[in-house]
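Residue numbers (the working numbering), protein chains in the order written: chain A, 1 to 318; chain B, 319 to 748.
These aren't lab readings, by the way, just hints derived from the structure by calculation. A couple of the hints might just be wrong.
Stated by the list, open to error - Partial selection, computed: residues in chain B whose CB lies under 10 Å from chain A:
hint	residue
1	Ala407
2	Gly408
3	Asp458
4	Asp547
5	Thr571
6	Glu671
What the hints assert, rightly or not - Chain A residues, not near chain B, derived (Cβ > 10 Å throughout):
hint	residue
7	Arg84
8	Met112
9	Val192
10	Ala210
11	Val223
12	Thr248
13	Gly256
14	Arg257
15	Phe276
Everything numeric in this text was worked out from a predicted model, so none of it was measured. Cβ coordinates follow ideal geometry from the N, Cα and C atoms, glycine included.
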Amino acid sequence: MANTALTRPARQVTARPAARSRSRRRGQGAAYVFLSPWIVGATVLTVGPMLASLYLSFTDYDLFDSPRWVGLDNYVRMFTEDDRYWHAVTATLEYVVVSVPLKLGLALAVAMLLNRGRRGTGLYRSAFYAPSLLGASVSVALVWRAMYGDGGVAGRVLGVFGIDVGSMVDQPRYALLTVIALAVWQFGAPMVIFLAGLKQVPKELYEAAALDGAGPVRRFVAVTLPMLSPVLLFNLVLETIHAFQSFTSAFIISSGRGGPSDSTLLYTLYLYQRGFTDFRMGYASAMAWVLLVVVGLITVLLFRGANRWVFYLGEGRR
Amino acid sequence: MTSRTARRGARILAGVVSVALAGVLSGCGSSSGSGGTQTVRFVWWGNQDRADATTKAVALFEKKNPGIRVQTEFSGYAAYVQKLTTQVAGGAAPDLIQLDRPTFGEYQHRHVLADLSRYTGSTLRVDKIPANLLAGGKADGKQYAVPAGQTTQMLVYDQDLFDKAGVRVPENGWTWEQFAKDMQKVGAATGVAGTTDFGWAVDWFDSWLHGRGKQLYTADGKLGFTAADLEQFWNTTAALRTKKGVSAPEATTKMDGSTQNSALVLKQAASEMNYDSNLTSYLSSYKGTLKTAPLPGDDAAHSGMAALPPVYFGVAQHSAHKDAAVKLLDFLVNDPEAGAVLGATRGVPANSEVRAQVCGAATGDDKAVCDYEQRVQQRMGPADTWQWPSGSSAVKTDFQQVYDDVIFGRTSVSAGAERVVENAQQALEQ
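Can you build the whole structure from these sequences, using the hints too?
Here you go:
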């Protein structure tokens, strides 16, 4: 139904007098002229390399000699022979599954605190957002390594409580947790989006709920969550994609090795190692395409699943 | 109306594009045509003391050669290799490159390095460099790289901790059996592991193999060991690990040959295997008294020790300033003044005359290196070095990675050894 309603005006356009359509086309020409820097950039810097990497993924390419066609070899080897590939997949899934919900939960909690509009809110907002600006930088990851490393702050604080863990970044059990902690700490971006979403929730709904005797928990579950669900979906999709692409923190914290014992070997880190330390650019390209497809699939699934829990105001009529 | 705005839009766009183009063109101009002076890019990896000495030597070179400017970059080993690969693949290779055995094999096979044969004998003097060191920089009879020094394996240990445990270095060096016992003794008496777990690096495995008449790679580039050999080697360290003979996994996993991550320097082990080219760095960063001893070996003839080039210098094939780069190379290796500044930061000098001069006048940390080299001369085994095959770089990293899995109990020694051999065969085939 919705589809036919959308296409009908388009057909009417073609039926209009030729002169108007010509001027419109000329206007489009100007638009394309203005768009051309972007179009050139996108083709030369994004689409071109992507197609090249798709081709390379079917070759054996060592960066120096010309690529040799090997068909599906890279893909077959990846799925059947490469132990480390599965280490990377496991570490990445663990990272995404743990870090994304924690980060979103924290972002939402802080956004709700800041939404109360007490004194100094502006200051707090900036303070909580700051880590997101710093988080992707190399220096913070270095500080992180020092904090969770030998004789670092984290070890000493835990020592006070009688827990002796030693150097956390050098033990497979804890290393990934430190990387996750760094990711969660950067909750600023989703927090700001949640905050904007919270401002949009009509006050009347809370008032009505309060009149009906709903407590804070009930109001959160029955009003805030449904009203916020589109924003939640947006943040969930964005953060999931973002988490799959994480690289810097794991790279710095493990000194580029993904260790100890592959515990912080995120997918992109292994991809990088394959390409740049093992000289297997074809294999790395194949890995990149698998990642693209998997992230695409997961995004589709998130959107499909969203029909069940995302609530759009004004949709009730349907 | 619309057509006029479109035309104006196009004109503005043309203006913007031409300004941008002009910027790009002038940018190109200023970087390439800097009249008269050549800029040579020189890169290496290493610790701080090597960087300090090298920077001084480079400044000296610039003073003597006013037409040449040298741009230097240095970092830790892992970062160095990754960055270098990216630059080389992207056509932006540095002019003068520091290499080790795996990277030399890798880059020579991939035609990254220039054949220096036409310089040797004229602007590049190699006649004072021992033939066995020079051989390591040769491929197909041509000289592609020149050794920067001479080094050999050593065990560097904390004298106080060894004394406390009553452990003395035997007159004729340790046998492996005695060594294992003594390391456990140190661990039991001091609470600090006897030595850094030496299963992590191909280097110590190589010298262990030498003691058994084998080596990592044969001269024709084949794998020189079996999974059974590696299993035996790793079982040696596994037995020590449970009794504090060697360092704990958390300390071992960090090892990368630098003093910054060294278990010995971080006081997580009482001794450590390394090359004596790193001794100056240990001495300057360690709090306590360090002494050196030869590596264990079953007898003096099979000590597994060898005189090796710690690093090589090579010139990039596509360098635009090959002559200048060769000049710098020659200066670093052969110039007596450069030798005096560089000291023993890349092992003892490769040039025998410079070596005699440097070691004759050496004091402090440099002297320790010279003395050690002198002392262990009789124990050095195989005299030849040869080119390692392409793929040896990947084998080196894979070896350490699998060992991580072994020490953290993610895989068994035998399964790990199998995996290393399997992966190595694949890497060498490439």
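> Per the CB criterion, is Ala407/B less than 10 Å away from chain A?
Replying inline: For Ala407/B, the interface hint holds, since the closest Cβ of chain A sits about 4 Å away, which is under 10 Å.
>> Quick check on Thr571/B please, does its C-beta sit within 10 Å of some C-beta on chain A?
In response: holds (4 Å)
> Minimum Cβ distance from Asp458/B to chain A below 10 Å?
Replying inline: violated (18 Å)
>> Quick check for students: does the CB of Phe276/A sit more than 10 Å from each CB in chain B?
In response: Given that some Cβ of chain B is not farther than 10 Å from that of Phe276/A, nearest at about 5 Å, it is violated.
> Would Ala210/A pass as off the interface with chain B, using Cβ distances and a cut of 10 Å?
Replying inline: Per Cβ check, Ala210/A is outside 10 Å of chain B; nearest 55 Å; holds.
> Taking C-beta pairs only, is Arg84/A more than 10 Å away from all of chain B?
Replying inline: Violated, because the least Cβ-Cβ distance between Arg84/A and chain B comes to about 7 Å, which does not exceed 10 Å.
>> Please verify that the nearest CB of chain B lies beyond 10 Å from Gly256/A's CB.
In response: Given a closest Cβ separation of 5 Å, the condition is violated.
> Taking the closest Cβ pair, is Asp547/B under 10 Å from chain A?
Replying inline: violated (21 Å)
>> Confirm or reject: Val223/A is not an interface residue toward chain B, with every Cβ-Cβ distance exceeding 10 Å.
In response: Per Cβ check, Val223/A is outside 10 Å of chain B; nearest 48 Å; holds.
> Was Thr248/A rightly flagged as not at the interface, with every chain B Cβ beyond 10 Å?
Replying inline: holds (14 Å)
>> Checking hints one by one. Is Glu671/B an interface residue toward chain A, by the C-beta closer than 10 Å rule?
In response: Violated. Min distance 38 Å.
>> Does Val192/A clear chain B by more than 10 Å, comparing its Cβ with all Cβ atoms of that chain?
In response: Holds, because the least Cβ-Cβ distance between Val192/A and chain B comes to about 33 Å, which exceeds 10 Å.
When each numbered hint is compared with the structure, violations occur for hints 3, 4, 6, 7, 13, 14, 15.
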